[in-house]
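Visitor: Chain by chain, the residues run as shown.
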Amino acid sequence: MIIENSLPVLLSRLDFAWITTMHILWTPMTIGMSWLLFFLEVAWLRSGDERWYKLNRFFEKIFIINFGAGVATGVTMEMAFGILYGPFSQAVGPFFGNILGFETITAFMYEAGFIGLMVFGWGKVSKGMHLFATFNVGLSSSLSAMWILVANSWMQTPNGVVLKDGLFQVENWWHAILNDNFVWGFPHMWVATVELSLFVMAGVSAWFILKNRNADLFTKMLKPTLLALLIVTPIQIFIGDSVGKDVADTQPTSLAAMEGHYHTYLPDGKPNTSWNLIAIPNANNDGNLFQISIPHVLSLLETHTWDGAVKGMDQFAPEDRPDVWVPFYAFRVMVAIGFFLFFVALWGNWLRLRGKLNAESLRKSPWFLRAVVFSAFLPYLAIWTGWWVREIGRQPWVVYGLMRTYQGVSHMSVAQEVIWFLGYILFELLVWAGAWYFFARVIAKGVDGIAPSNQLFHHGEEGDAHAGGGHAQASFAKPMLKAER
Amino acid sequence: MDFTHDIVRITSALSTWWWILLGLMFLFYIALDGADLGAGIFALFSKDEDERGAIMASMAGFWDGNETWLVVAGGVLFGAFPLVYGSAFNYLMIPLMIALWAIIMRAVAFEFHVHARSSRKVWGWFFAIGSLLAPFFAGVALGASLQGFPMQNGLAMAHIAGRDYSTPVMHFSGNALTWLTPFSIWTGVGAVIAAGLAGGLYLCARFVPGDVIHERAKGWTSLFSFLALAAIVVTLVWSYAIFPWAAAKWTGSNWWVWAAWMIIVLFFAFKSMSNHSAGHDFVALLWGEGVVALLWAAMWATMFPYIVPGTWTIDAAANPANSLAVFTLFMTGFVPIMIMYNWYQIWVFRGRFTKKSIYAAH
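Chains as they are written, first to last, in my numbering: chain A, 20 to 504; chain B, 735 to 1096.
Careful: at least some of the hints might be erroneous.
[Claimed, not checked] Chain B is nowhere near these chain A residues, computed Cβ spacing over 10 Å in every case:
| no. | residue |
| --- | --- |
| 1 | K143 |
| 2 | L197 |
| 3 | D235 |
| 4 | I254 |
| 5 | P271 |
| 6 | H282 |
| 7 | I313 |
| 8 | H315 |
| 9 | F359 |
| 10 | W369 |
| 11 | R371 |
| 12 | I444 |
[Claimed, not checked] A short, non-exhaustive set of chain A residues, derived as facing chain B with CB atoms under 10 Å:
| no. | residue |
| --- | --- |
| 13 | K80 |
| 14 | A91 |
| 15 | I118 |
| 16 | E122 |
| 17 | G263 |
Worth flagging that the hints you see were computed from the coordinates, not collected in a lab. Each residue gets a CB set at the ideal place from its N, CA and C atoms; glycine is no exception.
Model the full structure from these sequences, guided by the hints.
Guide: Printed below as a string of structure tokens:
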């Protein structure tokens, strides 16, 4: 344990944890929000209702800033594999490298191709073409999430491969791609992206209603958003439970860490069925110093029986156990947020049933609006904690059961690792601060400055640029024709 | 029956195919992003933020599309040649890290310059400096790769006793500064010159003749044309002197192919320069890009059969046959599609600009 967590290994892990944690701030919203923008655009085109158009253009601004930050931090991640985890990158190339290659070509490049059209194409391409571009941004970013989850899930449950000549050679592509963890892991992540985006949009809307700016417009936005959340939040809880059972089957050490479950059997020989609400694991990682627990709940949760045995940490050699602190508490935070968000969705729709979901009544009792604004931040925390549970629960393996983390890290000096780490802390914080600064600016500016849609195809005096990026004088539209030179 | 021989042949053919595609991806990146990086270097000398804004506006619709070719090249490298990906990135940590910071600086500047009021100047400088650092360190990384790097098997962290630290693969065994040589610094400078020229040609083609940016870009382009010709000569002579694998190929029995190739390069350069003087800006840009493509192809051909000269051959660095086959099945069809919609994207945003066309709110 001590050797495996020598300083260079620990630094590599921390570096990568930081990079992933900062990257996952951005991509989920890109994935979820692109679909929501698509639906707003459809609503506008079908109903001709200008309000949907305004909302679309407004949320698109937030989307773009978010997308830029996501790409910048994403490129960092791609390079970090090769730089921080060189031997890992080499060994997992035949499967993992392939999958990341698929991701860049079938998803990343695909997305980049259409996002320019979506963002700058207003008034330059037809409405139908623009809708098509938006749809493709949604599809490609979801594909991207799928490939990334294939790769990460495979690290959790490396099916379909055999380690030969230092490489993970693939024996069965379908088993490797549709690995045990992927089946529920991908839906869990994808639904999280939708839930996050819905709550961000609902939160921004609630803020506007609170401030009494364009309150009717944003109430119109709030209604379908809350209805969607009533469906999405319980589904997410159900999927989360399925992921948990999956982890119990395939990664018992991770489950034991998540639950702070050290002793499979009690001293009297009966299964230890207690679920720990609070626990303080000891430094040797072989028991809890203190715990508050409820009997039978763990067995009910994991085996769906009254007193089924659940494998505890004592079933595994000390050097094969992950640390408990982070998985245990991060897991609890994630679950609590999941239920709280479900409650907010219920609350909103209950108000709607009673006819109180209009700007006037909402402002009279602002607690619901405040709860929604607060809820816009919670999914971020839930995604963070969920990802930490996943990644720290897998330790000390980088590919579960096959390759240990220390075997995968690059052999760099501590100085190199520190320079890299400090540099990226600085840069990612800069990206983060910049993005939030401009989110605030976009929100402060509001929707009133957005030109009506009938001005989309109207180009003004030559030389002046309009919304949609700079455009050219008509006479230069075909600069390469010889006759015009 | 023994299929071993066939499998070796298939692996070899597929890996060579992906090596060619990899070269193509890098070429797309250099040719496309080179132009907008160069325009960013030009922006270092801009008089005010409106000029920088106009330069950013001129590439608004596709700079991110251009940059993604680098990510795609990285993806192909990981997917087809993971052994290079895992060892070369380790070797090139410092230059790649700085190039990456530069790219992030640019990306952030693109996003924020539009929205900023008081901080516009800061983002303008971020854009310009990022545009300078990215090609410089990318060039350094290229030069360093041409030099090859030391590899080692076995114990990863030998200084930690008591446990088997062997890794399942060979890994980079030099230190943090192994990449730093006079030659790699020179290739960095060369990359800046090349980008500067591409940026000048691009700006001439993108701005209305008579506009202040167009006028200054014209002078800039003429200067950089000569710098670039000198840089080509220096690089060729230097490479000949220090790389036996290059010298052997260039003066071997096929010397006349290389000589003819150089003459074609010179012809393209001449056409680019003469079209530029005649004011045929777009045509000059195309001939200029032709020079880049020809030189890149020549470099790639000189390296064959190595992917990292002296360190990794194409065959040794490639994935096993079944991975390559799956990769080929999935990916090859996407390459023409990607090229098509990139072309469409560039086409939608064609047309010329003036200094007044600032990067407007989107």
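Visitor: For each hint, tell me whether it holds in the structure or not.
Guide: Hints, verified against the model:
Not every C-beta of chain B lies more than 10 Å from that of K143/A, the closest at about 6 Å, which undercuts listing it as non-interface. The claim that L197/A is not at the interface with chain B holds, since no C-beta of that chain comes within 10 Å of its own (minimum 14 Å). Non-interface call for D235/A relative to chain B: holds, since the shortest CB-CB distance, roughly 24 Å, exceeds 10 Å. I254/A, annotated as away from the interface, keeps every beta carbon of chain B farther than 10 Å; the closest lies near 30 Å.
Under the 10 Å C-beta cut-off, the non-interface status given to P271/A relative to chain B holds; the minimum distance is some 24 Å. Residue-level check passed: H282/A sits 28 Å from the nearest beta carbon of chain B, beyond 10 Å. Distance check on I313/A: its Cβ is at least 40 Å (rounded) from any Cβ of chain B, clearing the 10 Å threshold; non-interface status holds. At roughly 41 Å from the closest C-beta of chain B, the C-beta of H315/A stays outside 10 Å, upholding its exclusion from the interface.
Taking the minimum C-beta to C-beta distance to chain B, about 32 Å, the non-interface status of F359/A holds against the 10 Å cut. Remark: the non-interface label on W369/A is consistent with the geometry, its nearest Cβ contact in chain B lying 38 Å away (cut-off 10 Å). Every beta carbon of chain B lies more than 10 Å from that of R371/A, the smallest distance being close to 34 Å; the non-interface claim holds. Once the 10 Å rule is applied to beta carbons, I444/A is consistent with being away from chain B; the minimum gap is 12 Å.
The beta carbon of K80/A comes within 7 Å of a beta carbon in chain B, closer than 10 Å, and the hint placing it at the interface holds. The restraint placing A91/A at the interface with chain B holds, with a minimum CB-CB distance near 4 Å, inside the 10 Å limit. Restraint check, I118/A versus chain B: the minimum CB separation of about 8 Å is within 10 Å; hint holds. A hinted interface residue such as E122/A counts as satisfied when its beta carbon comes closer than 10 Å to some beta carbon of chain B; here the least separation is about 7 Å, so the hint holds.
Below 10 Å, beta-carbon pairs count as interface contacts, and G263/A has none with chain B, the closest being about 31 Å; its hint is therefore violated.
In terms of the numbered hints stated before, the structure departs from hints 1 and 17, listed from lowest to highest.
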